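Engineer: What follows is each chain in one-letter form.
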Amino acid sequence: MNGFAFRWIAEWLQGLGQITLLGKEVAGSIFAVRIPGRQLLYQLYFIGVKSQSVVVITGAFTGMVMAAQTYFQFHKVHIDTATLAVVSVSMASELGPVLTGLMVAGRVGAALAAELGTMRVTEQIDALRTLAAHPVDYLVVPRLLATIIALPLLTGESISIGIAAGYALCTNFLGINPAYTWHNMIKYTDVQNVEMGLTKAFIYGAFIALISCYKGLTCREGAEGVGRATTEAVVYSSITILITNFFLTLFLNRVLWP
Amino acid sequence: MIEVRDLFKSLGHPVLKGVTFQIDKGESVAIIGRSGGGKSILLKHLIGLMQPDSGAVLIDGQDITGKNERQLLPVRQKFGMLFQGAALFDSMTVAENVGFALRRERKWIPAEISQKVSEALGLVDLAGTENKKPAELSGGMRKRVGLARAIVYRPEIVLYDEPTTGLDPIVADSIDRLIISVRERLKITTVAVTHDMRSASRIAQRILMLHEGRIHFACTPEEIFKCNDPVVYRFVNGISDPREHSF
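Line by line, the protein sequences are chains A and B. This note's numbering runs 18 ahead of the 1-based position in the first sequence. This note's numbering runs 367 ahead of the 1-based position in the second sequence.
Just chain A, same shape as in the assembly (with noise of 0.2 Å):
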């Protein structure tokens, strides 16, 4: 028992440093390679615009169980106005980014995982270290950078609609007043909660893209080192959003906007 846990311990620094050292390489190609903007166009079309119907169904659901729970609650000690206003927090700081985050980590994270991982399988991979390639600026580079670009806009857009659905709920279901429900959460929406969302996003961008293309790049041989390559990524990209929302949580409110 002891010795499985000293080696489950072992391969999880392991990777964890492997991840960092990717994580390295990919800071110093950023600045030193040029990019290759084809491939970053596509990246950017696969992550941010095919991942549309995701984003808008999460945000929109989101936001409106959101604000029927809260008006429920809100309802009995009659400050059924300020509804609007908890939808509008929550989705920007928290649930706006992790739910993001977690369906674009199974969306995407599975996506790269798989594709770079058959590339390896394959040799592809090998064949363009052979043509003077590197893999971290070919393939690694214009996934991260599309996916620390995408997801915060992602974000932004599911905040929006959370916020858009949630408003919806409250004025043409819950019979909330329109008036005193947009005033109160203008008033109690901070800029920072918006922020906040944003900044996170930014971060599991760079988490789901660097974990899944690790996953990716070090998987085993045939179709179920692939299979395994995919679960874990999605596993652990979703796993590290939920724990470092934590930390994060706790980190921008008492140091960067206490």
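Worth flagging that the hints you see were computed from the coordinates, not collected in a lab. Computed from a predicted structure; not experimentally measured. Positions of the beta carbon are idealized from the N, C-alpha and C atoms, including for glycine. Any given hint could be a false lead.
DEER-style ranges, computed between Cβ atoms [claimed, not checked]:
#1 A:A50 to B:S548: 37 to 43 Å
#2 A:R246 to B:E479: 40 to 46 Å
#3 B:E503 to A:G240: 20 to 26 Å
Given chain A, put chain B in place with the hints provided.
Structural biologist: Chain B alone, transformed into the frame defined by chain A:
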């Protein structure tokens, strides 16, 4: 010139146990040996795709062992490599695959790249396939495209990993002829890893036999068929060792 000195590599178990040989500029060498004997691993060491546990690989006098990926990029520009499964980029067309290295060099305009790609595809008898995707090609065609991609930028050395494996004898013969034709027209050093004796004897001026992690025998194609060494004899004539029968 390629020089390999006392190369050791272990992948859980020892694969290469002190491989030493030298290949001169313009020479054509086939490395033969049994499946799983470490031939492809040895080939990957020549281009720095794998790093040895000890020993050295010198390309034109420059030791490439211990260099990181970025330091190896200029060395690799001297090489072209044809992989066993061709390893074509399946998201790209044939023309994009063949022109990949030229686009990366950033010193050619698109019209020049297009012309060079067409020339390379013509050289491997695949003119007119520029817009096809790798999935639309047969095994032999994929290898030809892989060869066009490996030679389009005129490398000094071309490495072939099992160039005829998985192909029918007629397509295999055409690939052999292509390898010879490319070598003669472009005056390049050729290193092919294979267990196909017919192919090795055709394309190589010298044959090295890798056995139990070492170069067991080195000779010309003519000599190998007359060799009385039991390991070489059994391999050349396809005779299994009675000790390996597990019935």
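Engineer: Give a verdict on every hint.
Structural biologist: Against the structure, the hints come out as follows:
Between A:A50 and B:S548, the C-beta spacing of about 40 Å keeps the proposed range 37 to 43 Å intact. Separated by about 44 Å at the C-beta atoms, A:R246 and B:E479 satisfy the suggested range of 40 to 46 Å. The given range of 20 to 26 Å is respected by B:E503 and A:G240, whose C-beta atoms sit roughly 25 Å from each other.
Violated hints for the displayed structure: none, as all numbered hints are satisfied.
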